[in-house]
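*Asks:* Given next are the chains, with one letter for each unit.
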Amino acid sequence: SAVISQKPSRDICQRGTSLTIQCQVDSQVTMMFWYRQQPGQSLTLIATANQGSEATYESGFVIDKFPISRPNLTFSTLTVSNMSPEDSSIYLCSVESGSSYNEQFFGPGTRLTVL
Amino acid sequence: AQSVTQPDIHITVSEGASLELRCNYSYGATPYLFWYVQSPGQGLQLLLKYFSGDTLVQGIKGFEAEFKRSQSSFNLRKPSVHWSDAAEYFCAVQRSNDYKLSFGAGTTVTVRA
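Residue numbers (my numbering), protein chains in the order written: chain A, 293 to 407; chain B, -5 to 107.
These are computed hints drawn from the structure, not numbers from a lab. Incorrect hints may appear among the rest.
[To be verified] Computed beta-carbon distance windows for the label pairs:
no., chain 1, residue 1, chain 2, residue 2, range
1, B, Ser20, A, Ile355, 26 to 34 Å
2, B, Ser78, A, Ser301, 17 to 25 Å
3, A, Asp318, B, Arg106, 18 to 26 Å
4, B, His4, A, Glu346, 37 to 45 Å
Even for Gly, the Cβ is constructed at its ideal location relative to N, Cα and C.
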């Protein structure tokens, strides 16, 4: 399985600011995903990021609020823009396994608190 | 669209006792099914998966799950739990032609001594 790291692991931010979260994988992957896990909730897919193309956002998520970059096959960033306390969540990136079975492996997550 | 229901929000089990976590899915065709575990402060770890074939699937850490098409269920079991099994468990479903995962609400497992 792929080894995935995220930076930062946690942060406390002020309302109205932005935070960029990095996701690094130890092998080349085609598809990377960003999820949000609000306090006490399950995971919700924010967007799918493929290298060389625009990210595909799920219903309820927009590029202006969550811009994503995917400059190469091992790295992606998610920015949470103009933050409010409602953005306090764990943000996780995941990658597809590359096997024929569409498994996903997850990073450790970034715990964001917005004051 | 596919969806997943985990009816139990929280389960408390004694160490050494058996554990069963319920998962029901809604999907028109045969889905791909997964169980993930999230320990406190950790990311998600894949426990096991079902795509086709034998309906009883073995996973890591002594877990197994059984796919029952007639009941649209994919329940997770462990014969004897250890204190380290205290965590949150998520069932997830994926369409066979898509990478997108839909997660259940999760079940929190507490293990008492």
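*Asks:* Please flag the earlier hints that this structure goes against, numbers listed from lowest up.
*Replies:* 3
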